[in-house]
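Those protein sequences? They're chains A and B, same order as listed.
The first sequence begins at 4 in the numbering used here and counts up by one.
The second sequence begins at 75 in the numbering used here and counts up by one.
Please note that the accuracy of each hint is not assured.
Stated by the list, open to error - Quick list of in silico lysine-lysine cross-link-like pairs, DSSO-like style, CA-CA up to 30 Å:
#1 A:LYS133 - B:LYS258
#2 B:LYS258 - A:LYS104
#3 A:LYS104 - B:LYS78
#4 A:LYS104 - B:LYS285
#5 A:LYS133 - B:LYS109
#6 B:LYS109 - A:LYS104
As the list claims (entries may be wrong) - Here are some, though not all, of the chain A residues that point toward chain B, as calculated from beta-carbon distances under 7 Å:
#7 GLY67
#8 GLY95
#9 ILE169
Unchecked claim - Per label pair, the in silico range of CB-to-CB distance:
#10 A:SER154 - B:TYR292: 24 to 30 Å
#11 A:ASP178 - B:LEU100: 24 to 30 Å
#12 A:HIS121 - B:ARG289: 48 to 54 Å
No lab work stands behind these hints: they were computed from the structure.
Computed from a prediction, not measured in an experiment: that's the story for all the values here.
Heads up, the beta-carbon is just placed ideally off N, CA and C, and yes, glycines get one too.
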Amino acid sequence: MEDGENDGKRLVFVTVGTTSFDALVKAVVSQNVKEELHKRGYTHLLIQMGRGIYSPPKCDGADGSLAVDYFTFSSSIADYIRSASLVISHAGSGSIFETLKLGKPLIVVVNEDLMDNHQCELAEELEERKHLYCARPHTLHQTLTKMELDSLVRYTPGDGTPVARIIDRFLGFPDD
Amino acid sequence: MLSKCTFGSLLIVLSFFLMVRVLYVLYRCGKPFPKGASPSFTTLIVLGSGGHTAEMLSLLSVLRMDRYTPRFYIAAATDNMSLQKARSFEHSLPDKLLAVKEDSLRFSQIYRSREVGQSYVTSVWTTIVAIVHALWLMIRIRPQVILCNGPGTCIPLCVIAFLFKVLGIRWSSIFYVESVARVKKLSLSGLLLYNLRMADQFFVQWPQLQKNYPRAHYVGCLM
């Protein structure tokens with residue numbers, strides 16, 4: 004797994020997509036999580052907080068601690084993911100696959116406040132296949148202490164070709 | 075007295091023919107078309123918020139656009155991003171694959187049957203509104219192919235499409251791809267379309283689902 008662009012900066016990018024996920028934002032800026040990230044050599048924490056209400060305190064990291072910044076939305080988070088060394092994301096499939104396709108280490112945090120939480124099915128399946136780590140807001144710190152990013156397996160993107168072939172054949176088109 | 079009898083028997087005869095027609099439609103659903111049936115098909119693409127649109131675009135990017143044209147996109151009224159993404163996709167196509175004219179009907183919004191988290195009781199009324207709106211759009215578009223992948227938006231449209239098949243208004247082949255986020259259980263849309271046998275072809279992206287739903291095609295992840 005590749006590091007982001009290096010000037011000594013190692014960025015942790017947190018994204019909640021278009022949702023509101025204050026529990027994750029609060030967990031990420033909690034003291035023991037920040038300490039663990041700092042211990043592992045990360046220097047910057049950037050949070051995309053979506054529709055969340057809780058604004059974390061910003062920090063410029065001048066005292067050697069983790070630098071913290073946040074914003075609400077962006078039309079495209081691909082560049083942020085590309086410059087990150089670690090991504091912590093909500094369990095939306097869009098965010099998950101965007102990160103996996105860019106080959107970045109990923110921790111998916113499942114939002115327990117969502118009713119009918121089918122999202123955790125996808126995160127747990129991908130964790131079983133060793134493509135990412137899966138956590139809840141209150142277990143994030145534990146996951147960070149135990150994770151071994153080098154053991155993650157790079158995800159091979161799929162595509163719609165098998166579907167297209169079946170639909171084409173069904174409608175009477177010749178095989179290409 | 076007599077008119078009551080004839081009316082009653084007329085109703086019974088009509089119901090019988092309707093039942094036979096429905097059974098015929100269910101039988102013909104899922105039967106492949108003969109080779110060379112048509113050079114192209116009017117296609118309706120149903121978009122949904124979140125990962126749904128991304129998955130749909132992933133499928134569209136490997137379909138031959140000259141076979142699926144003219145194309146119409148429908149997204150939920152509260153979903154602002156999906157139609158924008160569809161427009162970008164259409165504009166990125168080489169000129170000769172673009173549909174013939176820019177038409178306001180091509181990118182439409184539809185009232186949602188149910189918002190995420192909405193109570194099921196109030197959903198009954200909003201679903202009725204959605205069905206009437208769906209009818210209006212379907213009458214104008216009359217697609218031959220419908221591509222959908224999970225959002226509740228597709229249910230009224232698929233119900234209308236099935237009705238059109240039964241009434242002989244238009245034969246729409248429905249292709250349903252269950253979302254990649256569904257690993258072990260189908261979504262409500264998927265359950266409806268699978269159990270009522272309304273989809274001509276049903277696709278799932280994880281092997282666990284194919285075990286539980288054997289009439290589905292397992293096609294791996296689209297993403």
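Hints, one by one, checked against the model:
About 18 Å separates the Cα atoms of LYS133 (chain A) and LYS258 (chain B), which keeps this hinted pair within 30 Å; it holds. Between LYS258 (chain B) and LYS104 (chain A), the direct Cα distance comes to roughly 23 Å. Compliance with the 30 Å bound is thereby established for this hinted pair. The straight-line distance between the Cα atoms of LYS104 (chain A) and LYS78 (chain B) is roughly 68 Å, outside the 30 Å bound, and the hint therefore fails. In summary, the hint linking LYS104 (chain A) to LYS285 (chain B) is supported, as the alpha carbons are separated by about 27 Å, within the 30 Å threshold.
Annotation: proposed proximity of LYS133 (chain A) to LYS109 (chain B) is violated, straight-line Cα distance about 43 Å (limit 30 Å). A C-alpha spacing of about 37 Å is found between LYS109 (chain B) and LYS104 (chain A), which places the hinted pair above 30 Å, so the restraint is violated. Taken as an interface hint, GLY67 (chain A) does not check out: its beta carbon lies about 39 Å from the nearest beta carbon of chain B, beyond 7 Å. For GLY95 (chain A), the suggested interface contact is upheld, since its CB lies about 6 Å from the closest CB of chain B, less than 7 Å.
Proximity of ILE169 (chain A) to chain B holds as hinted, the smallest CB-CB distance being about 6 Å (cut-off 7 Å). Distance hint check: the CB atoms of SER154 (chain A) and TYR292 (chain B) are about 28 Å apart, consistent with the given range 24 to 30 Å. The beta-carbon spacing between ASP178 (chain A) and LEU100 (chain B), approximately 28 Å, falls within the hinted interval of 24 to 30 Å. At about 21 Å, the beta-carbon gap between HIS121 (chain A) and ARG289 (chain B) misses the expected band of 48 to 54 Å.
Consistency with the previously given hints fails for numbers 3, 5, 6, 7 and 12, ordered from lowest to highest.
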